[in-house]
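Listed here are the chains, written in short residue letters.
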Amino acid sequence: MSTSSQDNASAYWAENLRIIITYLSVWFVVSFVAGILFVDQLNAIPFFGFPLGFWIDQQGAIFVYVALIWMYVSSMNKLDEKYDVHE
Amino acid sequence: MSLDLLTYLFIGGSFALYIGIAIWARAGSTKEFYVAGGGVHPIANGMATAADWMSAASFISLAGLVSFIGRDGAAYLMGWTGGYVLLAMLLAPYLRKFGKFTVPDFVGDRYYSTTARVIAVICTIVISFTYVAGQMRGVGIVFSRYLHVDINTGVIVGMAIVFFYAVLGGMKGITYTQVAQYCVLILAFMVPAIFMSMQITGHFLPQVGLGATLDSGMSVLATLDKLSVDLGFAEYTAGKKSTIDIFCLTAALMAGTAGLPHVIVRFFTVPRVKDARTSAGWALIFIAILYTTVPGVAGFGRVNLIQTINGTDDANIGTEYEKMPTWFKNWENAGLLGWHDYNGDGKVQYSAGAAFDGKGGKPAFDGDARGEFGERAVTNAKVNPAPAAGAPFANEVYVDRDIMVLANPEIAQLPNWVIALVAAGAVAAALSTAAGLLLVISTAIAHDLMKTCINPNISEKQELLYARMAAVVAILIAGYFGINPPGFVAQVVALAFGLASSSVFPVIVMGIFNSRMNKEGAIAGMIVGLGSTMAYMIYFTFMGGSKDDLFLGISTGGFGFVGMILNFIVAYVVSMMTPPPPAEIQEIVENIRVPRGAGVAHAH
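Each protein sequence line maps, in turn, to chains B and S.
Residue numbering for the first sequence follows the numbering used here, beginning at 1 and increasing consecutively.
Residue numbering for the second sequence follows the numbering used here, beginning at 88 and increasing consecutively.
Among the hints, a few may not be true.
[To be verified] Here are the computed distance ranges between Cβ atoms for each label pair:
| no. | chain 1 | residue 1 | chain 2 | residue 2 | range |
| --- | --- | --- | --- | --- | --- |
| 1 | B | 24 | S | 634 | 39 to 45 Å |
| 2 | S | 626 | B | 46 | 49 to 55 Å |
| 3 | B | 24 | S | 683 | 40 to 46 Å |
| 4 | S | 684 | B | 74 | 21 to 27 Å |
[Unchecked claim] Quick partial rundown of chain S residues pointing at chain B, CB under 10 Å, derived from the structure:
| no. | residue |
| --- | --- |
| 5 | 556 |
| 6 | 564 |
| 7 | 631 |
| 8 | 632 |
| 9 | 681 |
| 10 | 682 |
Keep in mind the hints are simulated off the structure, nothing from the lab.
Glycine included, every Cβ here is placed at the ideal spot set by N, Cα and C.
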């Protein structure tokens, strides 16, 4: 590999890591902070007939996971184009 | 048409479909056998992954589990879906770029070590076998309940079907059969759920229905909370387990999900890295359809169950045994329900607390002997039991959690075709997962052991033959466990997740994200993670370890998370004290981080 393509690869990887960290933070906050650690506090808030904590636990988190994966897919597709490493 | 005839038609029809697909999609090469030729469309692969993933446990047991434990069931709901976020972002695209057939392939090549490969092979085989035994059992239960055949006959029929399409079709046959199985199982899960939601709340979607307000002016969940508390159970929407235990259990199930070999291998079957990511997205959509419906099914089922048994008259709780609906007696005959009339009023009454002595509160039936009211006689009835704390009277009924999904359509008095459809769906869920697991086992033996470790000179034809023979042996062993199930299926499945989260998941993540990780670190990490998790589980499950001695109160199911942390720490420390991996390995790592040039999955 030439130096420039190596730089390119490192820059691509750094951005890739940033994307992953961003989305996994959301994943962590929703599942563990909201869904487990503070679930009792959130349960005091009503949400369409559900206690909010219970809803996040049993349904909301799953919707967030689906959204996260698709946002990740689209971010990565853009990133692949930007660094010209797409297939 | 009678229920029996309908059930035969639905199950028979679905079997004919699976066999037809298997003949159409026969595998001719090892590449087709292991990874379906690497050309599966991401949507089809997403469906196949969903069917592969959603086993008898998801279809039959999950809603029952949530129904009986309430909010704590969220650990399973989040754990078994949240793992896909990890899979999509941390594993799938890079493993696809790596482009080999199996998880041991990656571990062995990345850590340039036969020892690491063999450990990975052992993990793969143990995880897959523990899992597959439960599937065969699921098929047996459905057959015995709906087709009135012996559980063993059911297991053998299931084996024969899986044999046919897994051995003939390999991954290619399995993939396209799983697409069909997904359609059958999701239909079978959604139709009764929608019916029940309409009946109870008037809402079409169970996801919305669970939040609805009933005629009484109370919401479904508030009704459930009240019913539960009145009968001495904990509030439905409140947690019972400690926060740290739920935290660890959820994390272990997530990492375990991402580390299960039969799930990972599905991402080797798509053409490009990009497709591996998309495919994970599709898989989770297909899985989420079922998983977000589960809380609704659990909640409605619970309300129906309590109100059918205890009636809706608060002053006069209970229903006379003679007047209990047929489903109650059917499941009693199947051994999954039991009743003993402690207060001698001839009525069935349900509340908190174990109804029977020992055996986890399960009834021990006295052969075919019948009691005063025609109920099955039990040998472990309690003597003058006191009501459980908070319960108004002593509980008289044992209800097995596993019957909730299967009995729901009958409890809700849905038409016979819905019941037949549910039976076909449960069989589809069990067979699709069993086939995926059997393929992983046969690949691990033929490819990772025979071809790579023992005799690299065998031809492709021979390797394919070994793979098919291994599949046959694996089916026979799985069938044996289905007929003679170990009495601890649930614990064994927990062990599978523990192993995956404490060994497979961390070792792959480090292999991708830490190019300095070397074989010494990886092997030490795997041994520590695996060893500590297994020791903990064996000590507390089989050697009578007391609950007071649990580490920070973390149950065995959650310890996989602790094992994973130990694995990461030990691997990092050991790798820092030993020489870095050779330059060509670091180059492999650089290479898998960039999508371009994945090509098709290739052999050695």
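Inset, instruction - Against the structure, test the hints numbered earlier, and report the numbers of the ones violated in rising order. - result: Of the numbered hints given earlier, those the structure breaks are 1, 2, 3, 5, 6, 7, 8, listed in rising order.
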